[in-house]
Amino acid sequence: MSATLAAAAAPHAAVAADGGFKAPGVADFWQPLVGQGAFAFTRPALVLILSVGLLGWFFVSVSRKLEVVPSKRQFKAELVYGFVRDTIGRDVIGSKDFRRFLPLLFTLFTVILVNNLGGIIPFVQFPTFSRIAFPIVAALIVYVAYHVVGIRSKGGVGPYMKSIMPPGIPWWIGWFVYLLELVTFFITRPLTLALRLFGNMLAGHLLLLVFTVGGEYMLLHGGNIGIRGAGVVSFLFTIVMTLFELVIEFLQAFIFTMLAAIYIAGALAEEH
Amino acid sequence: MHIPTQVTAESPWAQAGHVIVPHYAELIIGIIAFAVIYALYAKFVVPRLEQMYDERTAAIEGGMAQAEEAQAQAAAAKQKYEEQLTHARAEASRIREDAKAQGATIIAEAREQAGTEAERIVASAHKQTEAERQQASVQLRSEVGAISTNLASRIVGESLDDETRRRGIVDRFLADLESGDVKPEKVGSTGTPDAGAGN
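Those protein sequence lines, which keep their order, are chains A and R. Take 1 as the starting number for the first sequence in this note's numbering and just add one per residue. Take 273 as the starting number for the second sequence in this note's numbering and just add one per residue.
Don't take each hint at face value.
Claimed, not checked - The list that follows gives simulated cross-link-like pairs (lysine-lysine, DSBU-like), each with its CA atoms no further than 30 Å apart:
1. R:350 with A:76
2. A:72 with R:315
3. A:96 with A:162
4. A:96 with A:22
5. A:154 with R:315
6. A:22 with A:65
7. R:399 with A:65
8. R:350 with A:96
9. A:76 with A:65
10. A:76 with A:96
Said to hold, decoys possible - Examples of chain R residues lying across from chain A (beta carbon under 10 Å, computed):
11. 287
12. 303
13. 318
14. 319
15. 322
16. 324
17. 353
18. 360
19. 362
20. 364
21. 424
Hints listed in this document are in silico derivations from the structure and should not be mistaken for laboratory results. None of these values were measured; they are calculated from a predicted model. Even glycine gets a Cβ: it sits at the ideal position worked out from N, Cα and C.
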């Protein structure tokens, strides 16, 4: 399995059939393990399943023996949980209602974070959320969640649709504002939520691919010492970009969860 | 298991345009993955962690309440000690005042007592002197009597001892002498008739 993973981690061949440089592209993100079609079992799906196993095992085993004075392992788990609970959940949703949304927010944050970090973890080296299906699932969950919360808190679909209208807008511009709000609530929010995460992960990983594959090609097939030197510089850039990716990966997980909390808080609020 | 890139390129999913087309299997696996994690968190992780947070909050609040109680106790103890100190100070000053007053009384009493004692001593000295004087006078009287008798008998030439004692001549004579009836230089000449009259 690890051999498969390792081989799949760098599926891109820098040298094309004609001997020239073949630049890495978005086609390299298609990594099927079993099958070829729409129901092929892909490598990102495997990474996601492994991440679910890891997260499930870690947090369930930690929460099995919790103490008021935490152990080292519990402290680490609490570091992540406390961040989601206090910074994202309580501060955004408010101390009255935040507790019932904690499973959702914690799920979103940990699954996205671990899978994003997979982009720079050796032998995984693939950000799962650069496959559009996964950000769509995550955004869909948030989409359904905040609409359901909104409908419940406003007491029905009708009042909820009315509550979308911001108060204090004169009638002659009101219809236009309402239209904009409808677009925001039903199209822009889920779309941006999914595409932001997807785009960041895809672009970041593509950047790493370009630097790595390009560096490899220049170092191994470069015509003179200058180009080979540029290959070394390219590898150095890969290291810098990897650290940069680390920040982006955390930030994207944070932003996604934060926006989910903000949308839920908005749906809970008395006024728009 | 892994298929080389050249072969996968034949699949429509490997085309660049398909990168924004959600892959069906991945959608399904994604939904399942989120559902599994959500179920685990909602059932096992979050409730336990929240319970632990509640317990921790309770423990911290309990600790704070205890600290407050201890502080209150300390304050009460301090007030008590201060009150006791004030009492002790008042007591001490009262005792000092008492002692001063008592000292003055004692001195006054001692002075009075000393005065009385001195008067008593002086009085007793006076009495003693008087008694001694009396005694001396009595003794002198008897001695003078004896001497006079002796002298008179020598002058007269015969012993008058027995008779004079019996008759009290000398006493009578001395009484006369004291009353001034008889002059001392005339003892020999006037003694006999006076002595006879006294009897």
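Which of the numbered hints above does this structure break?
1, 4, 6, 7, 8, 17, 18, 19, 20, 21
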